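Trainee: Sequence lines, in order, name chains A and B. In terms of the numbering used here, the first sequence opens at residue 23 and continues consecutively. In terms of the numbering used here, the second sequence opens at residue 4 and continues consecutively.
Keep in mind the hints are simulated off the structure, nothing from the lab. A few of these clues could be false.
Claimed, not checked - Pairwise CB distance ranges (calculated):
hint: 1; chain 1: A; residue 1: Lys-435; chain 2: B; residue 2: Pro-95; range: 50 to 58 Å
hint: 2; chain 1: B; residue 1: Gly-162; chain 2: A; residue 2: Glu-373; range: 30 to 38 Å
hint: 3; chain 1: B; residue 1: Val-254; chain 2: A; residue 2: Gln-426; range: 24 to 32 Å
hint: 4; chain 1: B; residue 1: Pro-95; chain 2: A; residue 2: Asn-340; range: 45 to 53 Å
hint: 5; chain 1: A; residue 1: Lys-435; chain 2: B; residue 2: Ala-276; range: 51 to 59 Å
hint: 6; chain 1: B; residue 1: Met-4; chain 2: A; residue 2: Glu-74; range: 45 to 53 Å
hint: 7; chain 1: B; residue 1: Val-178; chain 2: A; residue 2: Gln-426; range: 33 to 41 Å
hint: 8; chain 1: A; residue 1: Gly-437; chain 2: B; residue 2: Met-4; range: 28 to 36 Å
hint: 9; chain 1: B; residue 1: Pro-95; chain 2: A; residue 2: Gly-84; range: 22 to 30 Å
hint: 10; chain 1: A; residue 1: Lys-69; chain 2: B; residue 2: Lys-32; range: 55 to 63 Å
hint: 11; chain 1: B; residue 1: Val-178; chain 2: A; residue 2: Arg-396; range: 51 to 59 Å
hint: 12; chain 1: A; residue 1: Glu-373; chain 2: B; residue 2: Glu-154; range: 38 to 46 Å
hint: 13; chain 1: A; residue 1: Pro-38; chain 2: B; residue 2: Ser-140; range: 58 to 66 Å
Stated by the list, open to error - Under 7 Å between C-beta atoms, here's a sample of chain A residues computed to sit facing chain B:
hint: 14; residue: Gly-237
hint: 15; residue: Thr-241
hint: 16; residue: Asp-243
hint: 17; residue: Glu-281
hint: 18; residue: Ala-297
As the structure is a prediction and not an experimental result, all values here were calculated from the model. The C-beta atom is built at its ideal place from N, Cα and C for all residues, glycine as well.
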Amino acid sequence: MAREKIPRQAMPEQKPEIRRHNFYEVPFGYSPELAQIEASRCITCKKPKCVEGCPVEIDIPGFIALIKEGQFEAAARKIKETNALPAVCGRVCPQEEQCEALCVIGVKDQPVAIGRLERFAADWEREKGTVEIPEIPPPTGKKIAVVGSGPAGLVVAGDLALMGHKVTIFEALHKPGGVLVYGIPEFRLPKAIVLSEVEYVKSLGVELLCDMVIGRVITVDELLEEESFDAVFLGTGAGLPYFMNIPGENLNGVYSANEYLTRSNLMKAYSFPEADTPMIESKRVAVLGGGNVAMDSARTALRLGAEEVNIVYRRSRNEMPARIEEIHHAEEEGVIFNLLTNPTRFIGDEEGWVTGMELLKMELGEPDASGRRRPVPIEGSEYIMDVDTVVVAIGNGANPLVPQTTEGLETNKWGNILAHPESGMTSKPRVWAGGDIVIGAATVILAMGAGKYAARSIHNYLTNGGPWNWKEEPKTEKAEV
Amino acid sequence: MHRILEKHVLTEGVTELVIEDPRIARKRKAGQFVIVKMTEMGERIPLTIADADPDKGTITLIFQTVGKSTDQMSKLPVGFELMDVVGPLGKPTHVDKFGTVVCVGGGIGVAPVHPIARAMKDAGNHVISIIGARTQSLLIMEDRMKAACNELLISTDDGSYGYHGFVTGVLQQVVDRGTKIDLVVAIGPVPMMSNLCKLTKTLNLKTLVSLNPIMVDGTGMCGACRVTVGGKTKFVCVDGPEFDGHEVDFVELMKRQRAYLPQERTAWDRFKARHVGAKKEVAADGA
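Only chain B is shown next, with the shape it has when bound in the complex:
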């Protein structure tokens, strides 16, 4: 169980793992996530399921190296068995025939938006996807996103590819050209989701966001992942991960995500110091 069957580096710091887990592969729906605990002393990290193949019994996880655990996971070889994978967790995306749905993915947020775009398209919606990155080389999953929607629009912060600017600028263009939008789904870094929601609020466009706070158990037991939505406390793991973006307190979310920054730095520095020797071997593996 939980064996890594494939591993791909999508861009610098972004890794894709295909993992054996027939039960989750069969059961998961767009918008759901898993919790991975790599080793005995590992932490439980929530990761959105980017794709699944029920026939092969596999799920796909795409993640960015942002600290010790993700760094370690990006260095695991094919064939490694993850100690624990729990899921599918969270409520699935409410997929229906809405009309025109715009799916926005910023940075690593393209990975979780991908299954939602495809599910929306399969449900008969006209899906326009907007994906963005800092620069062209960091843009991920362009081909897969193209296949998952009717129209794909791209932005880069530095203008190296596609629209020069942020995903919000592209969304404004879509509105300006007269496209009637029934639903926006946005996933990415908190500042991106926050800014996009400000824009869609002025445009009066219903917007769903998928949140990625700190979690521990992921089953509603601990409350580490609580966010304020519409003035009420919600648990992202069981009430979400998707919420009405116009109701989310993004400022609080951002502060809560930073709660363990000093410890995260300590852990990562320690891991990097220990991993100097091992690094070469992994590189030699061609991983």
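Just chain A, with the same shape it has in the complex:
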């Protein structure tokens, strides 16, 4: 059968010169017509490679076939069989490295836009359809505490609720969603979408308690012993910002990306003084780092009114960990890229405000442990960049609060909790862990994948009992920025 060659459908989006001044979402999403055209590019492989690239094993050809037929709600439900957060994943997953990277159409042509189709189906269901609550089996009588309501925690909670367990999520912040709410900006992931995904998980019978800092108000041991939980899942995230450790880093105007984004996203500082949390007014901003968080920070700075925003990254563009799409969006909006450049110190005025930064040019040398070519300083290449705001976006470590207050919970030298790569079991019986707290700062979908495995393991253990086999070459390598 000859197949008419249809190009990969672009998603309509806000023009760069307009969107750099607002916080609305950049792409508008597919129309039903565009979605059906794009879906028709899928050849419904018998042995689909794309599914192998999906950490949560979505039946990709299955849901795309339903879109082809115009059964959009059914498509959304097909995705939800294995993925509780499709509207989120359709937006923030690195599909180009996962499902789409393996799509056979992509061998000779551009791959099917799986992520955009996932997003379309999820949005359709949320906006036009009725969100169906699956049938919940009778209660098992088991109680599970989930610490953290980010991607890992939401998946564990949703999956376990669907197996009939009673789940309570403990969230430290005042709003649920973790990094989806405090970290990823509105223009990339609207908070209303996160909220509705959280509401869906709650509708499965999951209890959600905010403002609960586990380790302080209740310890993990108390959850198990005094609050009679049968199991605890730790999905506390990568909540400890790294700094450069160079002189002048505590000057006013130097932020961690976590603080910068939290002020803007979670605390709504962009609407100060309507919101009480302030933000400094910046003219010249430098963002240190080359990952998605750096791109989010740079694009947030533009939207907060900065005149010039610079990315400063010590390696070259090829080594940038950010998604190509995000780099592209940032460039379109006018972010300036200073590659192979590394700061050596911050310069400040008498009042303690940052006024500039000394930078050193780098060149690429031999590959390092991460397989990427190591940046090597070029002697005598120092120069000064004038800035009034610096955002340090070079990664996050593990927040020590839970390991410090939990008896018998082993961590690696970076403070990440040691957990079995397939089950999420930790050194402490009845305690599982997954997501960034285990693997270091990574992606939403990997955290969700870890949540899926942990939920299965928790269910098996609570149903069938069995030995506590956690030590099987736990995965502990650290993502380097």
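Given chain A, put chain B in place with the hints provided.
Mentor: Here is chain B on its own, set in the frame of chain A:
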């Protein structure tokens, strides 16, 4: 949850709220704090827990009106439910039997020093407290402090009550009279803590200070509260709030506390302008 059960004005600009929160009341220890977010659009403000009653399930917060949020909080009526109260946060004070402990509280700093003084006394220490204010009418918690320690000494900047001068002068007197001091705990405005630490350094007295920088999340996630202690960056919310006072870079701390002064002024002016009408009602409530 988080209902305001009692409200007292301790002196001009200083308010005491007793808030319902059984979990925090049961769990908190001396030296810890909470983060309060009053409303949906509110900011997260850190406040030291001045007292708690685990039986009644209440915590006591004492704060000074210094800007929009504290002004607004001082105007909340009894019965109001605070949207968010998170805690207890920070490491508790290391309480042990040290011998003689001097607890120094300056201005609003008397409130956070109070639970520490009591915990130190309960642990069998001889506790001497020094509390100070600009003038007698601004001195807070005198009776409660008296009950929380073995000896209470008072100073006022204008000499209207007690020693005429600063708390540092009183501490010098205690040393001069020959009292052997094993530990000093000092909480108050940054200049007070800084000056006191200069004195105790020359006297070779170990001194703990409790710091109150700008915070956002209070759980170690953002780093807004970073301070330099002994040449190293520390997060007050998870590494503190108490540190060796001789190691703290107070100059940097003071500069960092002023980072949002223009915005704080804008927010407060706007709030005051909007609140002219509402002011009378609150006054009529007898609050």
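Trainee: Now look at each hint and say whether the structure bears it out.
Mentor: Hints, verified against the model:
1. A hinted range of 50 to 58 Å is violated for the C-beta pair Lys-435/A and Pro-95/B, which are about 27 Å apart.
2. The hinted window of 30 to 38 Å between Gly-162/B and Glu-373/A holds, with their beta carbons roughly 34 Å apart.
3. In this structure the supplied range 24 to 32 Å holds for Val-254/B paired with Gln-426/A, their Cβ-Cβ distance being about 30 Å.
4. Checked against the hint of 45 to 53 Å, the C-beta distance between Pro-95/B and Asn-340/A comes to roughly 49 Å, which is consistent with it.
5. Checked against the hint of 51 to 59 Å, the pair Lys-435/A and Ala-276/B passes, with Cβ atoms roughly 54 Å apart.
6. Here the CB-CB span from Met-4/B to Glu-74/A is close to 47 Å, well matched to the stated 45 to 53 Å.
7. At about 37 Å, the CB distance of Val-178/B to Gln-426/A agrees with the hint of 33 to 41 Å.
8. Taken as a hint, the range 28 to 36 Å holds for the pair Gly-437/A and Met-4/B, whose Cβ atoms sit roughly 32 Å apart.
9. Between Pro-95/B and Gly-84/A the beta carbons are some 54 Å apart, a value that contradicts the proposed interval 22 to 30 Å.
10. Distance hint check for Lys-69/A and Lys-32/B: the Cβ-Cβ separation is about 60 Å, which falls inside the suggested range of 55 to 63 Å.
11. About 57 Å separates the C-beta atoms of Val-178/B and Arg-396/A, a value consistent with the hinted range of 51 to 59 Å.
12. As the Cβ distance of Glu-373/A to Glu-154/B is approximately 41 Å, the hint placing it in 38 to 46 Å holds.
13. Range check, Pro-38/A to Ser-140/B: about 60 Å between beta-carbon atoms, so the 58 to 66 Å window is met.
14. The beta carbon of Gly-237/A is not positioned within 7 Å of any beta carbon in chain B (closest approach about 9 Å), and the interface hint is therefore violated.
15. Annotation: interface hint on Thr-241/A violated; nearest CB of chain B at approximately 9 Å, more than 7 Å.
16. Below 7 Å, beta-carbon pairs count as interface contacts, and Asp-243/A has none with chain B, the closest being about 13 Å; its hint is therefore violated.
17. Given the 7 Å rule on beta carbons, the hint for Glu-281/A holds: about 4 Å separates it from the nearest Cβ of chain B.
18. Interface hint status for Ala-297/A: upheld, as the beta-carbon distance to the closest one in chain B is roughly 5 Å, under 7 Å.
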